[in-house]
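As you go down the protein sequences, you meet chains S and Y in turn. 123 is the number that my numbering gives to position 123 of the first sequence; each next residue is one higher, with no gaps. 398 is the number that my numbering gives to position 261 of the second sequence; each next residue is one higher, with no gaps.
To be clear, the hints were calculated from the coordinates, so they are not data collected in a lab. All values reported here derive from a predicted model rather than from experimental measurement. Glycine included, each C-beta is placed from N, C-alpha and C at the ideal position. Please note that the accuracy of each hint is not assured.
Selected chain S positions facing chain Y (Cβ under 8 Å, derived; list incomplete) [unchecked claim]: (1) Lys40; (2) Gly41; (3) Asn50; (4) Asp62; (5) Gly64; (6) Gly128.
Here are the computed distance ranges between Cβ atoms for each label pair [as the list claims (entries may be wrong)]: (7) Y/Thr330 <-> S/Glu45: 32 to 40 Å; (8) Y/Asp317 <-> S/Val67: 56 to 64 Å; (9) S/Asn85 <-> Y/Pro311: 56 to 64 Å; (10) S/Ile115 <-> Y/Glu410: 21 to 29 Å.
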Amino acid sequence: MKSKRVVSSGVLAGIFAISTLLFAHHGGSEYDTKNLKTLKGAVTEYYWANPHCQIFLDVKDDSGKTVNWGIETLAPAVLRRAGWNPQLLKPGDLVTLVVAPSKKGTPIGMIRKLILPDGKELTGGELGEQPPQKSSN
Amino acid sequence: MAYRSPQLSAKSNTTARPNPRPWAARMAAATALCMLSCAAVAQSTQPANTANHSAAAKPASADAAQNSKFDPRDLSGVWNPAPYMQPKGEVNPLDLGGNPKPLPPFTPTGRAAYEANKKFVAAGAVTSCDPYGTARNFFTPRPFEVINAKDRILMHFEYYSDWREIWTDGRNFPEDPEPDFMGYSIGKWEGNTFVVESKDYNGKQFLTWQGFPIGLDMHQTERWQRMDHDTLKILFTFDDPQNYLKPWSITYFWKRKNWQLDAHPCTISELKEWDQRMGHVDGLPGLDYGKAPAGK
């Protein structure tokens, strides 16, 4: 089941140096970047396409009911540079996604981190160069 | 499935589609020819990277070695924007919170156009695949590639796969211009600064994602400087008396990457599919702006 709702694809503050709604194909609402949500479930669809890719995931909520979440990502070109590819996920894969959920409370989110079945972690990619990190030493 | 250029599709099970922009296909073909015939002109120090789309990080020592022998007149390669390097106090093309400061020095006409554009931009609507023009392409946080040819420099912007020609054969602007989204650009070297003059824009695009307008008489100047092996600086000056009281500037930077650009054309079919799949039933705009799917 595909999600029937969508919110804007804002780029996540604190994840990408550039935080904006406008690198999106729909505007109007924001994701809640201050209250990230961790979703664990089975992939039902992995859609690799411009303008943005999507992951659909069956997740059990607190009451035990299965909810199909629609997770937005950035464009394929950006994901490739973050280590993604069109064959990365397939239906049935058990994955963990850290997302910025829709402020509307709909089962929609913007990807922040993907944890694959083997434990490998991938970010959702970057827009532009990131400022150099200051050394902690 | 995403359209991918033929040379990339061999590595993927994605399905290549005919390019929806015939002119873009011609440019791609010209580029392929150029890349074969202009290698000597390009003098690129960038190693070929046809097998890996990723960052393909090189050892720091290799970068350091290359850094000592870059040619300041070789602009070829893939450049990724570094917005954090922009000097503070300038108009920030990525200040997209809805209230950017500072604003350009608008004329009343320019301000009115900006306010009108702002509403459109805030709505996030993607209702066409119009080329982004030059400035908006530069200020989109995605990489572009510079390719040297005998009589021009070609620019390929990854986002929406827009192409630009900068003529370097000494020609002047055409006497019978045909204004379009990308304008007409001529470039020449002043020392180690590549100076690009552009005009003949059709006024249908924005300078930035914020919706700063472009007038039909806008004259855009770019002063490109390769600061070191990995850093490109461009000073943009926009002279548009219809929309701005005086010329104003943005200084922007890019970092050189050992990347192969991926395909991200704007295609109506994919936008439609996006609308249909994700269902813009939140009232969000799409190609059929304002028309929510049945059953909302």
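Now the hints, each set against the structure:
Interface restraint check: S/Lys40 against chain Y, minimum CB-CB distance 23 Å, threshold 8 Å, status violated. At a threshold of 8 Å, the smallest CB-CB gap from S/Gly41 to chain Y is about 19 Å, leaving the interface hint violated. About 5 Å separates the beta-carbon of S/Asn50 from the nearest beta-carbon of chain Y, less than 8 Å, and the hint is met. With 8 Å as the threshold, the beta carbon of S/Asp62 stays out of range of chain Y, its nearest partner Cβ sitting at about 24 Å, so the hint is violated.
Hint status for S/Gly64: violated, given a least beta-carbon distance of 26 Å to chain Y, over 8 Å. With its C-beta approaching chain Y no nearer than about 4 Å, S/Gly128 sits inside the 8 Å limit, and its interface hint holds. Remark: the range hint 32 to 40 Å for Y/Thr330 to S/Glu45 is contradicted by a beta-carbon distance near 51 Å. As the Cβ distance of Y/Asp317 to S/Val67 is approximately 48 Å, the hint placing it in 56 to 64 Å is violated.
Roughly 44 Å separates the CB atoms of S/Asn85 and Y/Pro311, a value that falls outside the hinted 56 to 64 Å. Separation of S/Ile115 from Y/Glu410 is about 28 Å and conforms to the stated range, judged on CB atoms against 21 to 29 Å.
Going down the numbered hints, you'll see the structure goes against 1, 2, 4, 5, 7, 8 and 9, while the others check out.
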